[in-house]
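Participant: Construct the entire structure; sequences and hints are all you get.
4 protein chains.
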Amino acid sequence: MKVQMKEVPATEREVHQICLDWLKRRGVSLNEIAELTFYLQKDLVPDITPEECLHHVKQVIEKREVQNALLTGIQMDVLAEREQLLEPLQDMVVRDECLYGIDEVLSLAILNVYGSIGLTNYGFIDRVKPGVLARLNNKNDGEIHTFLDDLVGAIAASAAARLAHNRKKQQEE
Amino acid sequence: MKVQMKEVPATEREVHQICLDWLKRRGVSLNEIAELTFYLQKDLVPDITPEECLHHVKQVIEKREVQNALLTGIQMDVLAEREQLLEPLQDMVVRDECLYGIDEVLSLAILNVYGSIGLTNYGFIDRVKPGVLARLNNKNDGEIHTFLDDLVGAIAASAAARLAHNRKKQQEE
Amino acid sequence: MKVQMKEVPATEREVHQICLDWLKRRGVSLNEIAELTFYLQKDLVPDITPEECLHHVKQVIEKREVQNALLTGIQMDVLAEREQLLEPLQDMVVRDECLYGIDEVLSLAILNVYGSIGLTNYGFIDRVKPGVLARLNNKNDGEIHTFLDDLVGAIAASAAARLAHNRKKQQEE
Amino acid sequence: MKVQMKEVPATEREVHQICLDWLKRRGVSLNEIAELTFYLQKDLVPDITPEECLHHVKQVIEKREVQNALLTGIQMDVLAEREQLLEPLQDMVVRDECLYGIDEVLSLAILNVYGSIGLTNYGFIDRVKPGVLARLNNKNDGEIHTFLDDLVGAIAASAAARLAHNRKKQQEE
Chain Y
1 MKVQMKEVPA TEREVHQICL DWLKRRGVSL NEIAELTFYL QKDLVPDITP
51 EECLHHVKQV IEKREVQNAL LTGIQMDVLA EREQLLEPLQ DMVVRDECLY
101 GIDEVLSLAI LNVYGSIGLT NYGFIDRVKP GVLARLNNKN DGEIHTFLDD
151 LVGAIAASAA ARLAHNRKKQ QEE
Chain C
1 MKVQMKEVPA TEREVHQICL DWLKRRGVSL NEIAELTFYL QKDLVPDITP
51 EECLHHVKQV IEKREVQNAL LTGIQMDVLA EREQLLEPLQ DMVVRDECLY
101 GIDEVLSLAI LNVYGSIGLT NYGFIDRVKP GVLARLNNKN DGEIHTFLDD
151 LVGAIAASAA ARLAHNRKKQ QEE
Chain X
1 MKVQMKEVPA TEREVHQICL DWLKRRGVSL NEIAELTFYL QKDLVPDITP
51 EECLHHVKQV IEKREVQNAL LTGIQMDVLA EREQLLEPLQ DMVVRDECLY
101 GIDEVLSLAI LNVYGSIGLT NYGFIDRVKP GVLARLNNKN DGEIHTFLDD
151 LVGAIAASAA ARLAHNRKKQ QEE
Chain S
1 MKVQMKEVPA TEREVHQICL DWLKRRGVSL NEIAELTFYL QKDLVPDITP
51 EECLHHVKQV IEKREVQNAL LTGIQMDVLA EREQLLEPLQ DMVVRDECLY
101 GIDEVLSLAI LNVYGSIGLT NYGFIDRVKP GVLARLNNKN DGEIHTFLDD
151 LVGAIAASAA ARLAHNRKKQ QEE
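Residue numbers (UniProt numbering), protein chains in the order written: chain Y, 1 to 173; chain C, 1 to 173; chain X, 1 to 173; chain S, 1 to 173.
It cannot be assumed that every hint is accurate.
Identical copies look the same in the list; a pair holds intra-copy or inter-copy alike.
Lysine-lysine pairs mimicking DSS-like chemistry, simulated, CA-CA at most 27 angstroms apart [said to hold, decoys possible]: (1) Lys63 - Lys2; (2) Lys58 - Lys24; (3) Lys129 - Lys6; (4) Lys168 - Lys6; (5) Lys63 - Lys42.
Derived by calculation from the structure, the hints in this document are not laboratory data.
Facilitator: Laid out in structure tokens, this is it:
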């Protein structure tokens, strides 16, 4: 029996909305992502505000490439939580195994949309794990966020890159 | 209830073997991948043999990064066939939607291991669809290979890049 | 003696204008790049027009990441023409050596801004070399376009990806 | 007058040797790079030795993709020191302008050879700037290392990734 496509694909607006829903359901608020962006930029951009960070986080999540990575990564986390992945993939994701780098591969797909300048910020917060990243990395609550913690870091770093581009343009106008 | 890790992670040898099994079960032989490599290189490397191509395909699949991409991509295809992905992801994968590029993102993770020189070969066979790629793209048999067709193309192009590097070294010895 | 920075960095508008100038001086018109985009999309988007392709090419070149890659790549070509690169880099660039893939690395930086969906189009035209790409690849006129031919292909493929994203949004409004 | 290719391209061995020479001439020793790798891994791999780190650094520099990125990046630094780049590129490189990300693009080409697992280590040391990275970033001595500091970080992080892969294999044998 052949798997059927739906008659029409989801609209761009629907895909976007579902991403926002999934983030919420996985316990991540846009404000928490914006706090990471604030953390990354506060020393470089003295007059930065949480609202400005939130604005750029929202804009990043408007991009279809970002949505594709989010949907795919969260799907993997959810399947691992339900033990529905095949072995050895199931164990690699649950364990957040160091040699399994597909979570970083998806994050890179997000970062690349805003150029390479977000790369080092991403690496930095992934290692330091401020704010929401610490909670997502806590392995003791039964939730699995192997993909989501990297994706959240990538969105925050992308928002920081977007903010830097924007600031330069504003200064020049 | 917390999802448990296995006591020990799969060994590198086990991960490799499971990749070979999954490829076989999804109907792709290493010889068919090697034929793509042969197709790509036959005009550039006059004395190339199918055996040499097969050797490099095998070597590419020894790499853990390649295995990670293969396991993740095939898993996505299988879940889509069983209609176990959440919407709108399920429909995007079944439809092989043009704006969903995570299959290319995983392929890029394979290609990058052998440098950027495999990039254009990958793009070329993905568009021309010779050999096994035509079969994997046939949407009429109920099987879903949205990820696998790209991954197979990436392995073949990577094997071609590996072969080119090797040939240069051999000539110089 | 220390190399001095200029008092203020170039504005975004200046960087953009210089990219357009450099393209022109290296003999590439935006219309020629748009023709590549048209070539890539004409069978997929029946009512596509050259003007629409040109619009998206122009938008791609507005991105700072694209400008960075263009400036760096054209600079390398110019230095190679003047024999001002150090060996063995000078010879690698003049020869467009197959194992030197930094031209593809810079192209990838362009493609990634529009997601992975431009990847296969880029690979395809890089191999088939339609239109302006054939001229840039002609090694008999003393000009060196080792970087520029790849960058032009990447801009055309990115414009095609941008066009595809846009069309979907328009249809849904 | 047409720029001539050399009769034969540089051998792989020659390209490798010239990379080692250029690193030395730019004031970076392999031991200093190995110290960065040690810094990154010492808490994760308790019995790690400086010699083991040095071994993996040397192996990373054997890869042609790494050599291509090194030669191109160091060439850019040297040209900027001699004020031989065209504006606005000259100023972007001297200034190490935050919106110019081609140095990170080349670093990514190195990191990708060892998969995405080196990404976060790279980002981390690029921000913390331990050891040799602090010296390369010192803008007061008239030397320009806009590219080299990123490339050195990428080699160190790649060596750490290579070491992690190797350790797992050794444990299993």
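Participant: Each hint needs a verdict: does it hold in this structure or not?
Facilitator: Outcome of the hint check:
| no. | hint | in the structure |
| --- | --- | --- |
| 1 | Lys63 - Lys2 | neither (32 angstroms within a copy, 34 angstroms between copies) |
| 2 | Lys58 - Lys24 | within (14 angstroms within a copy, 37 angstroms between copies) |
| 3 | Lys129 - Lys6 | between (40 angstroms within a copy, 26 angstroms between copies) |
| 4 | Lys168 - Lys6 | between (44 angstroms within a copy, 16 angstroms between copies) |
| 5 | Lys63 - Lys42 | both (25 angstroms within a copy, 25 angstroms between copies) |
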